[in-house]
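> Letter by letter, the chains look like this.
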Amino acid sequence: MATPAARLPASAALRRAGTRVGLERVLGPDFRLGFLFVAPTVLLVLALVAYPFGYAIYLSLTRKYVGVPPVFVGLDNYVKLTWDGFFQRAVVNSFIFTFGSVSVKLLLGMLMALVLTSKIRFRSFWTGVLLIPWVAPTVVSALNFLWIYDYSLGVLNYLLVRVFGLLPQGVGWLSEPGTAMASVIAVNIWRGFPFFGISLLAGMKAIPAELYEAAAVDGAGPVQRFWRVTLPGVKNILVIVVLLSTIWTFNDFQIVYILTKGGPGGATQVLPVLTYEIAFGAQRLGEAIAVALYMLPPLAVVIIVLARYMRRGQAK
Amino acid sequence: MDQRLRDLTEQLDAGLIARREFLRKAAVITGGTAAGLHVLSKMADAQPKTKLRVWLFKSFVTAGNDTLAKHIEAWAKERKVDVETDWATFGDREQKFVAAIEAGNPPDIAEMNIYGPMRYKAALRDVSKIATDIASAKGGFLPFAERAMKAEGKFLGVPRYSMTTVFFIRKDIMEAKGLKPPKVYDPDVVEFARKTTDPAKDLWGFGQTLNRSDDGDGFMSNILWDYGGGVWDKDGKPALGTAFLKQNTAALQFAVDTIKKYRIQPPGVMGWTDPSNNEAYMAGKLVTTNNGASLYYAMVQKKHELAPKTLLVLTPGGPAGSFVGSSCYNWAIFAKSKQTELCEDLIRWVEDESRFNEYVHASIGQAGPVYRARVDTPYWKSDPNFDAIVQNILRSVNLGYPGPTTPAAAEVQGQKILTDMAGRVVVGGLSPEQALKEAHKRIEEIYKMRRA
Amino acid sequence: MNRRLAPRLQGLASYAFLLVLLLVVVFPFYWMTVTALKSEVQMRSLASMFWPDPVVWDNFRHLLAQTDFVAWFKNSVLVAVSSTLVATAIGTIGAYSLARLRFLGRAFMSSAVLITYLVPPSILFIPLYAQIRNLGLADSLAGLIAAYPSFTVPFVTWLLMGYFESIPEELEEAAMIDGATRFGAFARVVLPLAAPGVLAAGLYAFTQAWNEFLYALVFITDVKLRTLPVGLSSFITGDVYGWGFLMAGAVLTTLPVIAAYIYLQKYMVEGLTAGSVKG
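Protein chains in written order, with our numbering: chain B, 1370 to 1685; chain L, 123 to 574; chain S, 274 to 552.
If we strip away everything but chain B, and leave its shape as in the complex, we get:
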């Protein structure tokens, strides 16, 4: 970004200005403003995330019924879950749900961004309209799809059977394990792909046109340009978006809960819904939190590795 030569005089001036060593050497040259500015975030995180989170971790190590004081049981909840078939199935379902949606969201979002960066008319209109699903309240969208998927009165079966004649008979979308999972994934994709699209669009707009021109001079076709220029150019934002979306999708509760409640026969049971069932159906808060936290360490590792990777990318 900035060449060392350009940076030198200003930095030197700064260093001369701040010769009060001591604290600054330990806490860093900008610690006053730095601490001041980061303080609200830290306070907020401590008060509203860290404390409740710490308490939640503690509860996951206890046997805790609603309204009754917790009894410490160590890792019992985690050990028990490890061997529990219902939990194991929910883990598998969660991964299917997450990877199924994130991969299609990525594909659609990439296509959307590519098309929107090409020469088309009314670009703002398209961009604005395509963002709609991401903006609408999830509760509303999920209910709307419940109505759309309805076997007898739903418009999806109506379209497939009566309008297009593609099927002889309607499909019970939410009543077979395969179609139920596909249906909840579809709603998640529908809701989430615009975020991929708009973020990647932003990333592509930031790629200097000269790079494309240079590639064209080298004789690269559209496909090669995509692999050689576009993809490396959006690599960082791609990583962030995939990361965020993976977390959001993994924690997504409302879509599955409203559409299937985990059914039929546990075929769409994902971890957030299972957590909910154990907490509010069974009232075993300790175990419920253990379900929610079980997958946190692997996800945290992924995040830390990726965060490192991105920081390193920036340092270049």
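These are computed hints drawn from the structure, not numbers from a lab. Think of the CB as a built atom: it goes at the ideal place given N, C-alpha and C, for glycine as much as any other residue. Keep in mind that a hint or two might mislead.
[Claimed, not checked] Straight-line distance between alpha carbons at most 25 Å, and here's what the computed SDA-like set of lysine to any residue pairs gives:
| no. | chain 1 | residue 1 | chain 2 | residue 2 |
| --- | --- | --- | --- | --- |
| 1 | L | K356 | L | K368 |
| 2 | L | K299 | L | K431 |
| 3 | L | K382 | B | L1536 |
| 4 | B | K1604 | S | Y536 |
[As the list claims (entries may be wrong)] Label pairs and their computed distance ranges (CB to CB):
| no. | chain 1 | residue 1 | chain 2 | residue 2 | range |
| --- | --- | --- | --- | --- | --- |
| 5 | S | Y303 | L | D255 | 51 to 59 Å |
| 6 | L | D255 | B | F1441 | 38 to 46 Å |
| 7 | B | L1405 | S | A380 | 46 to 54 Å |
| 8 | L | R573 | B | Y1427 | 22 to 30 Å |
| 9 | B | L1536 | L | K293 | 27 to 35 Å |
| 10 | B | R1531 | L | R470 | 54 to 62 Å |
| 11 | L | K299 | B | P1667 | 56 to 64 Å |
| 12 | S | V299 | B | A1585 | 34 to 42 Å |
| 13 | L | E274 | S | A380 | 56 to 64 Å |
Since the structure of chain B is already known, use the hints to place chains L and S on it.
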């Protein structure tokens, strides 16, 4: 990159404008934040200290909700109490209760369903005195209501009304085919449904989901009892996959057969949630279904064309008889409340016969009796369809039958273990016996944990 | 021939793809609106599926006149706007210090901010509710205004960190050599340049706050203080859905946000654009 730098420098060259703009924006934002903070503190302060917090159940029977709200308002005015009401629906009440109890911020009094007193036992006050007082003035409890509200000899809820399920039949279709209302599921309902199912018209003889839902769960409990089985034995110990294995296997097999073998149910039935059968029935796609009176209320109130064509009969049974569980709505007072007397006064007020009668009328069959004196009222004779409702309530068995009602029984219901079990057979490929044994393990676990 | 035909084909394919995407995106909303304008009877028959016949405004009338919808709307606006201002302010200065200033613990905090995202809200809300109550903010909109930044600030911070990094440090240093303080350089040079990014972040925070359901459901125990998503879901009273009614509420809830986005989407793209230039 160069282009971007140039852009930025240009923007900075126009620094004066940007600065002015920025200052203006900053002023607006600062002003807004200051005003916001002021409002924030005001909002938080605006909470008066003495206030009775009442949580009500938002039932589909909206006319009933309005009546109850009106009664409570009248009481507040009369007693000069500041009442804050909140409504919890079927879908969100447990989250609200759990969070409020755990945060130490429960309401003073709440209207709960049958599971409430068992679930929130630890946070509730003993209301034996007022419950028995009210009952003795009203001819005593109906047995299932008394058993459901009592834990270890103490009442945790004051019964208000019962909500049961009945068997809905399309009278017009039944008569056109020359059929009679079924008495048992196998073979009556199957025969009835086979004769009335017409896939070409998307018309199905029977609509009963086995998916995770209150409807599915209620049906599963009933059918196990109908075949002489059940989840619990007489002493309240798990018996699903042990003592009652044979009976339960037959019951589960039948439930699954209605979908897999007899083909009398609509293809989407395993994806249904609680409202689905109501929707399908009102759309004319079902000939019979099990449901609460809410469906009847919906049709009568909206003057739906199927309302007069609907016949309500007793829930069909099985080889061991016909069993139904009903819900018992009740008033529970939280132990944390410092205003017990006010709460009790409120209960007496709304349970006053003339007021309750108004509520029953508004509810069109949904608010069944829990006290003997409320059974033989003219209202329940005003519609021939009501007879099935009253009869089903009178013969209702309690949660946990043939054992006592226990928190473990409420938890099995709350976790929807019976519908999970059915689902494992219908879509998971297990045999009924395997599914029963798998479910039994979960129940055994719950039982052990609850006793520990 | 290849040279001339290829771009045209490509253009055609682009429009075809957009059109399909448009249909998929818009149809559910169209369906929602149509449902809201149908009567109960129409809804349960398959006649005139795609157009209400006759158009019935009862659902909207009933919604506005006989429910607390208007009050919920006001609550939602108040909560979403206030919490967005709070989150954007906190996130902006936090991001600036993490991106630019050199002090102890900065690297750790940058990752920590993102890790907070991992904490599953489906369970966190119970201890969080206790905490909100400790702060004396239970049962008031203030509780929501305080709680929402806990999930919007991390994203705002991350987005703006990228944005601030993309602004050449020389500009600030130049201002400082001219005698501005570090804060002055931030306020007068960096912040105006970052305006599109701040706007994009704010828009994001607003959307999240506008749509939030779980905290609003649990923290608010007075029916008059509900926000829109909770108010809407309270129309699902268990056994029978009033679809038309629900959809009417859904239409009115979604419209303002859609309108805002169609108008503001270019800032969203711009804001994200600069933030993405890294490496």
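> Run every hint past the structure and note whether it holds.
Quick rundown of the hints versus the structure:
{"no.": "1", "hint": "K356/L <-> K368/L", "verdict": "holds (17 Å)"}
{"no.": "2", "hint": "K299/L <-> K431/L", "verdict": "holds (14 Å)"}
{"no.": "3", "hint": "K382/L <-> L1536/B", "verdict": "holds (21 Å)"}
{"no.": "4", "hint": "K1604/B <-> Y536/S", "verdict": "violated (29 Å)"}
{"no.": "5", "hint": "Y303/S <-> D255/L: 51 to 59 Å", "verdict": "holds (58 Å)"}
{"no.": "6", "hint": "D255/L <-> F1441/B: 38 to 46 Å", "verdict": "holds (42 Å)"}
{"no.": "7", "hint": "L1405/B <-> A380/S: 46 to 54 Å", "verdict": "violated (19 Å)"}
{"no.": "8", "hint": "R573/L <-> Y1427/B: 22 to 30 Å", "verdict": "holds (24 Å)"}
{"no.": "9", "hint": "L1536/B <-> K293/L: 27 to 35 Å", "verdict": "holds (33 Å)"}
{"no.": "10", "hint": "R1531/B <-> R470/L: 54 to 62 Å", "verdict": "holds (58 Å)"}
{"no.": "11", "hint": "K299/L <-> P1667/B: 56 to 64 Å", "verdict": "holds (59 Å)"}
{"no.": "12", "hint": "V299/S <-> A1585/B: 34 to 42 Å", "verdict": "holds (36 Å)"}
{"no.": "13", "hint": "E274/L <-> A380/S: 56 to 64 Å", "verdict": "holds (57 Å)"}
Hint compliance for this structure: hints 4, 7 are broken, all remaining hints hold.
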